[in-house]
Each structure stands twice: as C-alpha cells, then as structure tokens.
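Peer 1: Residue-level listing of the chains:
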Amino acid sequence: MSQTIKPREGEIWAVGGGKGGTGKTFFTSSTGMHLAKKGRNVVLVDMDIGGANLHSFFGINRPLKSLTSFFEMGASLSDLVAETNQPGISLITGDVHSIASDKITFSQKLKLFRQIMKLNAQNVIIDLGAGSHNNTLDTFLIADKMVVVLVPEVIAIENMYHFIKNSLFRKVKKTLKDYGFKEIVQHIWDRRESYGITNLRELIDYLKESFSYIGTILDHELASFRIHLVLNMARTNQDILLGASIKSVMRKYLGVPILYSGYIEYNDAVWKSVRERKPFMIHYNSTECAKEIEIIIDNIVKGRDIAIGGA
Amino acid sequence: MGREELKKDYETLEIPPDSSLRDVHNAYLRLKKLYSEDSIAMAPLGEEFSDKKRKKVLEQIEEAYAKILASRKGDSARPSPLFSDVPPPEKGSDLGNPEGPYSGPLLRKLRERQGVELGEISKELKLRVELLRALEEERFEALPEPIYLKVHLRNYAAFLRLDPILVTEDYLKRVKAWKERPGPPA
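These protein sequences, in sequence, are chains A and B. So in the numbering used here the end of the first sequence lands on 311, straight run, no missing numbers. So in the numbering used here the end of the second sequence lands on 1186, straight run, no missing numbers.
Please note that a few of the clues may not be correct.
[Unchecked claim] Selected chain A positions facing chain B (in silico; Cβ < 8 Å):
| id | residue |
| --- | --- |
| 1 | Val154 |
| 2 | Glu158 |
| 3 | Thr198 |
| 4 | Asn199 |
| 5 | Leu203 |
| 6 | Tyr206 |
| 7 | Ile240 |
| 8 | Leu241 |
| 9 | Leu242 |
| 10 | Ser245 |
| 11 | Ile246 |
| 12 | Ser248 |
| 13 | Val249 |
| 14 | Arg251 |
| 15 | Lys252 |
| 16 | Tyr253 |
If you are wondering where the hints come from, they were derived from the structure by calculation, not from laboratory data. Here the structure is a predicted model, which is why all the values come from computation and not from measurement. Glycine residues also receive a C-beta, built at the ideal position from the N, C-alpha and C atoms.
The task is simple: from the sequences and hints, build the whole structure.
Peer 2: Structure follows, in structure tokens:
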C-alpha cells in the first residue's frame, strides 16, 4: 500500500451493513457504553450522512458542532469532539444539514480518514449508516473491526451481501491499483461472462491463477478482511441459526471469513429506550438483551464467535 | 492420513482439524441441510450462487465428510466413542445458556437452535423418538427409572455438546420434585 499507517494504540470499529433500520446506531451507542464502562476512552463518530442521529441516543437535541464544519469550514476533526452525558464517551456528531455523500471530495475523504486515525481515544467507533456508497465502503475498510448489523429479513440480507461484496471488490481494486492492475480488474469483471466468471470469488481466483505474484499480495491484503456479524431482533431459534448459515454462505460464496459475534433477541425495551432517549445499556442493563449485547461486544473485542452445532 | 493433510476437508466442513467426531457430524448435518434446502441466507444471491454451484458445494461436503470419517476409523476402537470424543464443553459453547436450569423445554430449544432433529438423536443413541419427545415435554411418567434415564440424559447432552453433568443434575432434580409432589402419583 502506498499510504503507510502508523501503529496506533486506538482501535477503529466501523458499524455498517447496508440496510437502514437494522439497529446500527443503537449498536454503536451500546458498544460505546459498554467499552466506556470497562474503562476505555471512546469517541463515537456519526458518519450516517443525511441520517445522523447518534447524538439523540445521548439526549442531545441540537448538537453545537458537527461534521458539517469539517466539510464546509475545514474545521479539524479533533475540535468537533464533544463530551456526552456519559463518562468516557465523546461524540462527533454527524452532518445533520446539507452535505450529500457524493459531494465529499477525494481529498476531503483522505483528510477525514487521517484525522480519524489521529483521534485521541482508545476506541473510535464509527456509525456508517445505511447504504453502500463508495465513501461508506471506504470508511468501512479503514476499520480494524468491521462490524455488520443484520436483521433476519430477506431484504436486509440482500443489502448486507451487496455491502460486503462491494467492500471486498473495493478492497481488491485498491490493493491491485498500487500494482497497476486496477483497470484490468474492472476490465475482467465487466466482461466476466466471457471469462466464465459469475461472482467475486471466481474473479479473485482467476486473478490469482493468471498472475501468480498477485496471489500472494491478495492473500496478504485480504487476510485482514474479516467481518463481525451481529444478528439483531432475533425472534426464533431459526433466526439465531440464520447467522450461522450466513457465515457458511459467505465463506463458500465469497471466501470471506465471517465471525458470528452473536445475536440480540427482539425486545420492546430497546424500542422504548430509543423513544425515551435513555441509553439502553444504562437504564435497561438488567435485561437479557443488554447481557447479549455485552457478550457480542466482548466477542468482537476478542475476535471470537459463538458456536452453533459445529458451526 | 494425518489431520493436517485433511485441512481442506475440515475447511469445507468449516471446523478446525481438532474438532471432535461429534462436531464433524454436526457440521456435516447442518451444512447438508443448509445447501439442500431453500434458505433466505441464499435466496438473495440468485444466479451468483446457482443450483449448479450449490450441488457442487454439496458434493464437496459429502466428500470431505467421508474422508474425515475414514481418517478417524481408528478412533472408534475406544470403548465409548460418543463420550471419549466429546471435549468438555467450553464456556459459552452452548450459547452461554443464561436461561436457567436444563429443563425439558430448554433442552428442546437448544436442540432446535442447533438444527438437530429428534430422529438424528434417536438413530445415534438408539432411543425411541417417543422417549426423547417425552423427555423434552417432561412427561415424566413416560420416562424410565432415574438410573437408566441418567445414561440417556448424558448421551443426549453430549450429542448437543452440552455439559452432561449439569444437564443430568438439573433434569433429575425436576424428576425428583415431580415424584415428591403432594398427592398420589399418576
């Protein structure tokens, strides 16, 4: 890679997944709460462009500063960090006004990433919001822990596959760009039918076979492409098993390792806490749900996943 | 053939090479089920994961399972393959089980969560499905005496990779409470 990243003490998490309303913001805020409770110093970043509402999970109605200042006035990111009503948790509020994701320039994006990496925190947790816009995918790719939040519904699964697939494709293109292969990747993909390629895995395999030295590079770069899957709003055992099925399908279809970090059973208390604007992990900390969330976060921290029948 | 040489086959079954025979079997059943039926985990992929590819995946699963089983032939020389091959459950291996003592309904829930059918347990443990059903439904009057029941419970627990001792203890307590309940037994 052309840009070398200095080893940081802080760890970046990004929470995405494609579909809106799966609980990404809820999970981001809960993760912040749990890690802060364990004594970590956490900065949450709301990157949900156009739908930023992480601040409202901390009872903030009208944020004084937001990412808008970064994009429109060139403010530095560290100046936008605001304290929340929770000890150990600071927040960079998302752009609640005007910016459209495609208005962000390339250099703004790089500057943003550089400054995110320099934030003074042990954990930076980025709420990506919905969608698979390139800026969203690129933000996802800078994270040390790539987390997707899913609900057991076909459309959410479809969006999630799309999101992961495109993230991987972008990662492949970026990796090979530095070796002058970017055009070739797109070229082969655009004519995939004549190459007998139907999916991304086959494209990667084709590249590896055709250009052996690329294989080593890809293997090395893609080794860090690990997804942590959180299944939200599970109502049945069938739903819980879905996480294990998705893990298998992703592995066999994309060759992407997924860790099934855990599931959160559906609970009205979550909805209530959001409506009451009370942090769930504090006001409902004795619920089953809160315990499940704590287990999930610990699993993500340790890179573990839950075992389901030989999964 | 060493376990290391079968690395690819273990990868196909998505389990580490040091997995127990029970895990190998469970993984095989789960994957076979996943790729033979329609699943919402696969539906959104459409032609990108066509029936043809699915068939190929199934063939690979069958092949990997057969090869691993063949490599473990020697294992069954041990007196009780079921027990000797089951490692002590790690903490959280049964999904953290925060749901209290192992009752019949909870056992059923945990079994279904793993996608295991009663028929599979019945075949493996050579127990009637009816008996297993009575066990899960806590129709204690239909169950054998505790001394026999204990063995069944341990095997049942081991099959599902639950802690056999805890399961047996919890369940027999329930049987005892039922026996000691006021009023004449049914």
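Peer 1: All hints are to be evaluated individually against the structure, with a verdict given for each.
Peer 2: Comparing the hints with the structure gives:
1. Checking valine 154 of chain A against chain B: minimum C-beta separation of about 5 Å stays under 8 Å; hint holds.
2. Annotation: glutamate 158 of chain A was flagged as interfacial toward chain B, and the flag holds, the nearest CB pair being 4 Å apart, inside 8 Å.
3. Contact between threonine 198 of chain A and chain B, as hinted, is supported at the beta carbon level, the nearest pair being about 6 Å apart and thus within 8 Å.
4. For the restraint placing asparagine 199 of chain A at the interface with chain B, the shortest Cβ-Cβ distance is roughly 5 Å, inside the 8 Å limit, so the hint holds.
5. Interface hint at leucine 203 of chain A: violated, since its Cβ lies 11 Å from the closest Cβ of chain B, which is beyond the 8 Å cut-off.
6. Annotation: interface hint on tyrosine 206 of chain A violated; nearest CB of chain B at approximately 15 Å, more than 8 Å.
7. For the restraint placing isoleucine 240 of chain A at the interface with chain B, the shortest Cβ-Cβ distance is roughly 6 Å, inside the 8 Å limit, so the hint holds.
8. With a least beta-carbon distance of about 6 Å to chain B, the hint placing leucine 241 of chain A at the interface is held under the 8 Å criterion.
9. Nearest Cβ of chain B to the Cβ of leucine 242 of chain A: about 6 Å, under the 8 Å cut. The hint holds.
10. For serine 245 of chain A, the suggested interface contact is upheld, since its CB lies about 4 Å from the closest CB of chain B, less than 8 Å.
11. At about 5 Å, the closest approach between the beta carbon of isoleucine 246 of chain A and any beta carbon in chain B falls short of 8 Å, and the interface hint on this residue holds.
12. For serine 248 of chain A, the suggested interface contact is upheld, since its CB lies about 6 Å from the closest CB of chain B, less than 8 Å.
13. Here the hint on valine 249 of chain A is kept, as its CB sits about 5 Å from the closest CB of chain B, short of 8 Å.
14. Proximity of arginine 251 of chain A to chain B holds as hinted, the smallest CB-CB distance being about 6 Å (cut-off 8 Å).
15. Evaluation of the lysine 252 of chain A hint against chain B yields a held restraint, the C-beta minimum of about 5 Å falling below 8 Å.
16. For the restraint placing tyrosine 253 of chain A at the interface with chain B, the shortest Cβ-Cβ distance is roughly 5 Å, inside the 8 Å limit, so the hint holds.
The structure is inconsistent with the numbered hints 5, 6, although it conforms to all the rest.
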